[in-house]
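Start from the sequences and build out the full structure, keeping to the hints where you can.
Now for the letters of each chain:
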Amino acid sequence: MKIYIEFRNKKTHLLFGLISLIFTFVSPISYAQDRAVIEGVVYDVESGDPLPGANVYWAGRPQGGVVSDEYGRFQLQKITLPAELVVSFIGYQEIRRQIQDNDKSIKIYLRPEEFALSEVVVSERRPDENVRSLEMGKSVVPISTIKNIPALFGEVDILRSLQMLPGIQTAGEGTTGLFVRGGSADQNLVQLDGAPIYNPSHFFGFFSVFNPDAIDNVSLYKGNIPAQYGGRLSSLVDVSLKEGNTNRIKGEGGIGTISSRFTIDGPINDKLTFVASGRRTYADIFLGLSNDPNIRNNSLYFYDLSGKITYRPSDKDKITISSYFGNDFLGLSEQFGFGWTNWVNSAVWNRTLGENLFLDVNAYHSSYNYAVSFEDEDSGFAWDNLFSESGLRGELVYTPKENLQFNTGLHTQYYHFAPLNFQPDEGSSLEGIGTTARNAIQYNLFISSQLEINPRLSAEVGLRKSIYQQIGRGIEYEYENDNPQTEEITGIISYDNFQTMQVYSGWEPRAALRYLVNESSSVKASYNRNYQYLQVASNSSAGLPIDRWVPADRYMSPISADQYSVGYFKNLRNNRWEFSVEAYYKDFQNIIDLKQGANVLFTDNVETEILAGRGWAYGAEFLIRKNVGSTTGWIGYTYSRTFRQIEGISMGQPFNPRFDRPHDLNLVLNQQFNPKWSASLTFVYTTGQAVTFPIGIYEVDNQRLPLYSELRNEDRFPDYHRMDVSFNYKAPDKGRKWRGSWNFSVYNVYGRKNPFSYQFAEILNETINFQPSLDNPVTTRRPGVVKTYLFTFLPSLTYNFEF
Amino acid sequence: MKKLIIYIVLLSSFLVYSCQEEVFIDLESQPDIPVIEAIWTDAPGLNQVSISYSKDYYNLEENQVESEADVFIQDEETGQVFPFRFVPQIGAYLPVNNQKAQVDREYSLNVLLNGRHYYSKGKVLPPPTLDSIAVNFREERLFRDEGYYLTLYGDIPFDRDNNYRIRIVRNDTLLNRRNDYLLFDDTFGTQILNRGFELTGYAFKENDRIRLELFRLNREAYDYLNELVGLLFNDGGLFSPPPQNPTTNIIELNEEGEVLGYFKSSSVLSSIITIGGSEE
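So the sequence lines, in the order shown, correspond to chains A and B.
Going left to right, the first sequence walks through residues 244 to 1046 as the working numbering numbers them.
Going left to right, the second sequence walks through residues 663 to 942 as the working numbering numbers them.
Just so you know, the hints here were simulated from the structure itself, not pulled from any lab data.
Just so we're clear, the structure is a prediction, and the values are computed from it rather than from any experiment.
Mixed in with the good hints, there may be bad ones.
Cβ pair distances, simulated, as ranges [stated by the list, open to error]:
hint: 1; chain 1: B; residue 1: V743; chain 2: A; residue 2: E953; range: 52 to 58 Å
hint: 2; chain 1: B; residue 1: N856; chain 2: A; residue 2: V1021; range: 23 to 29 Å
hint: 3; chain 1: B; residue 1: Q726; chain 2: A; residue 2: E723; range: 40 to 46 Å
hint: 4; chain 1: B; residue 1: G919; chain 2: A; residue 2: E723; range: 29 to 35 Å
hint: 5; chain 1: A; residue 1: P905; chain 2: B; residue 2: G741; range: 20 to 26 Å
hint: 6; chain 1: B; residue 1: A865; chain 2: A; residue 2: G983; range: 52 to 58 Å
hint: 7; chain 1: B; residue 1: V831; chain 2: A; residue 2: R797; range: 20 to 26 Å
hint: 8; chain 1: A; residue 1: D535; chain 2: B; residue 2: A865; range: 17 to 23 Å
Okay, derived cross-link-like pairs now, DSSO-like style, lysine-lysine, Cα gap no bigger than 27 Å in a straight line [said to hold, decoys possible]:
hint: 9; chain 1: A; residue 1: K838; chain 2: B; residue 2: K783
hint: 10; chain 1: B; residue 1: K762; chain 2: B; residue 2: K785
hint: 11; chain 1: A; residue 1: K838; chain 2: B; residue 2: K762
All C-beta atoms in this analysis are idealised placements derived from N, C-alpha and C, irrespective of residue type, glycine included.
Below is the structure:
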């Protein structure tokens, strides 16, 4: 069901915004009461870092316990004091402390168990979190786990690691794009410290932009996305940069096959910490050593830099300022250059307003640009484009009692899509191109409540209202019969700065229920609606750096999705094993695709190139996971189907997008043999990609062309499977500051030739890619199929260090 | 510029290319579909209609050529009919009495075959002005070989329907690799001939004899060729769009059965140049 309310009246719009703002910041305060709680923070004694996920409870009453949050903070209802407080966490020694009546804010320092073989996984999750929480379709993968997963070229990659989880599909071999529960890659909100990243990949999608050493935490929401978040239909990938430790200056890094990285962090003073991180590839350095000038003058690199400053002016305040800058560049013979840049800045202020009232404020600016240049006296040009999002987000968290929590806030976003700029060099026969800018403001108001109805039944109800306003300065084209498909422009309307051009809005309800069957199992259900007001206009499966994002306008409605999911969660053997099965159905509206032969890059009339329709997806995801012990890992299996139905494509019949891969099996296995040696193994098996193969051949215009069916993606690549292994050797700790470790990994260990593509082309002179010339004329020709495959048995070696 | 985008896409693929090998895939097949390719211009030697059939992908036999069709082109304004006759030597239909189109007239293509009436329509639009062609020697540079290059001078006086194709015949051989297609519209303006349009895709040698043909196409035929080139560059990988047959501008009047191919009604300017010689 589509709910759009168009606010043509600007005053109505402003009034709504004002009411929203007042509601956001005033309403929860009215609930504030002075509760009798004790509060504190749990730290790791060695690092001084806050410790999320620790269990805190009164002795003899573990059922009334709480878990420390991501900042190590906890609040626990008081009982008759004095009483004994117990703080425990897997891999740490339990602490019991006598609490007196006058203790209000306490600090607890946990010490790692000395003889723990398995690596301690710091997580905000309590051991039975998956059973007890209301969360569905949420995955938290600890960085320590991600670092252990065997990696392509040894480059530990956060997004590629997420592909090992159920419900996440890949576009193809090696790429980092995520296709979550039937959604395309542009339906994922990838954010770093609350700021969106529009192109989260390096090197044409083969590496993600995140340096693992700089990352503190990664959470993936693919099911019940909380009302606090929105703007994308299919997932939220919430990444946070780590904060500098409060203890001493520390460093870590690695020297890998294709890149090296270095991170340093530590305290500046009692209240201020920092972390700075950098990574760079060095293929171009080796190119420079070549004797061949054609090779020597080429460039190929990416790098990223990030930093974060954390300031704690008081016990109640924490301010972080973080920045990320990533750049890719490909240069040929100093004449051709192609580069793209992400620059993301974020500031976050967390304040404890009262014993049970917290404020989070986040301001950010994220920009992305690409540039292509060609120096040539006759046909040189410079071509670039930029788009950005700026936002301000405020959220109040209010917990009037232990089993009740409210979240509410307002999020304002400003999108700016700069005009495409194409400037030919002087003397060129081409003329410049300048499209018009597209701008929009989006307001999002959200409120949600988590309520424990009784010890077995908990509920989360949320509502998000998004109001999207396309604004000037800009122009709007009018078409014959108001139909852009006619391509007959009948008029142009110009809009001034901030003048309203088009308004859309939508209610986005979120609801989740959890019924605790017993202490170790639960049943959950959730419903989610999301609106997305901008999307990528592309018909290829993998994203390109030059992809064009198009915001909703007069002719392009926002896309929306409704998702229904149910799940059963079970923990076994004292939470050592987790088992879950989740089933979902998802309905998409206004999904776009491109007309055949569409030109979306250089046109101001992108609406004439776009087709819209609907989609749906369903599936069941199974996960068995072992989190503790010397052997950890998971097995995930997903059966899923994804469909699109768009008039003008596949004869208007439903078709599968390329990433529809019904069977998807992932195995991740980590084995800690002893304190020095560990090994990891991953295995992936998926149904082949949905593709279109020819059904014949014919000749036209002196070319032999493959003949395709009118129906799209009726064929399949062969099933994909691959096994990767890695071995880690950590030098024994001899009390020295410098600690090194080696990682040896092999990607695709049994050398499976998984197809990257099949090209249906003529085989000339019985040679693939034969280039005829006057000296080498064509003597034979016949139709053939050329398979391209990547990365068979790819070993890599990385040296990691820390001090 | 579209080619540049294609190059960026290909580059994305080539950068990660590891290995290639020829494989056999068991493919579905579809009954023969007629393929009609009709060219109707104001240059009599180019006009012809060829009719063949599609076949199984791996079929190495000669294309099945249809010789029994009734083919004619009709002037939509005057009703004048231009009949075509099958010529076995070239395997195509040629206009009787070597007829040709007139500029600014709209024509329909009619092919009657096996009880079906295949039909298309197109206008022969006036050509731009081609004043002169310069030949310049260029050293080897990025994306171009050393050799002689042609630069076209002229004028495009139209503010719409600017869809052009340049076709090159070198020493009696049509340049028809996928890289040899030169299609351009007014995306980058209409001053391209006034400023001198260097054909950077073709390097010639001394004494090469070159015939250059400049077609002004209807949009549908231009789109057809653009989609054809897109298909030639489609590598079936992640960075390529799903492959589709180029959109034909020919229909079956009773909407029975499929048809492939296209009808190109066009004016054409042609010129012959000998490198080291003079323009004819």
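Hint by hint, here is what the structure shows:
Checked against the hint of 52 to 58 Å, the pair B/V743 and A/E953 fails, with Cβ atoms roughly 33 Å apart. Our hint of 23 to 29 Å for B/N856 and A/V1021 is violated, since their Cβ atoms are close to 38 Å apart. Between B/Q726 and A/E723 the Cβ separation comes to about 43 Å, which falls inside the hinted range of 40 to 46 Å. About 32 Å separates the C-beta atoms of B/G919 and A/E723, a value consistent with the hinted range of 29 to 35 Å.
With their beta carbons about 58 Å apart, A/P905 and B/G741 fall outside the hinted range of 20 to 26 Å. At about 55 Å, the beta-carbon gap between B/A865 and A/G983 stays in the expected band of 52 to 58 Å. For the pair B/V831 and A/R797, the supplied restraint of 20 to 26 Å is violated, since their beta-carbon distance comes to about 48 Å. Under the hint 17 to 23 Å, the C-beta atoms of A/D535 and B/A865, about 22 Å apart, fit the expected range.
At most 27 Å may separate the alpha-carbon atoms for a hinted pair to count; A/K838 and B/K783 meet this at roughly 22 Å. Using a Cα cut-off of 27 Å, the hinted pair B/K762 and B/K785 holds, with the two alpha carbons roughly 13 Å apart. As the CA atoms of A/K838 and B/K762 are separated by approximately 34 Å, the hinted pair breaks the 27 Å bound.
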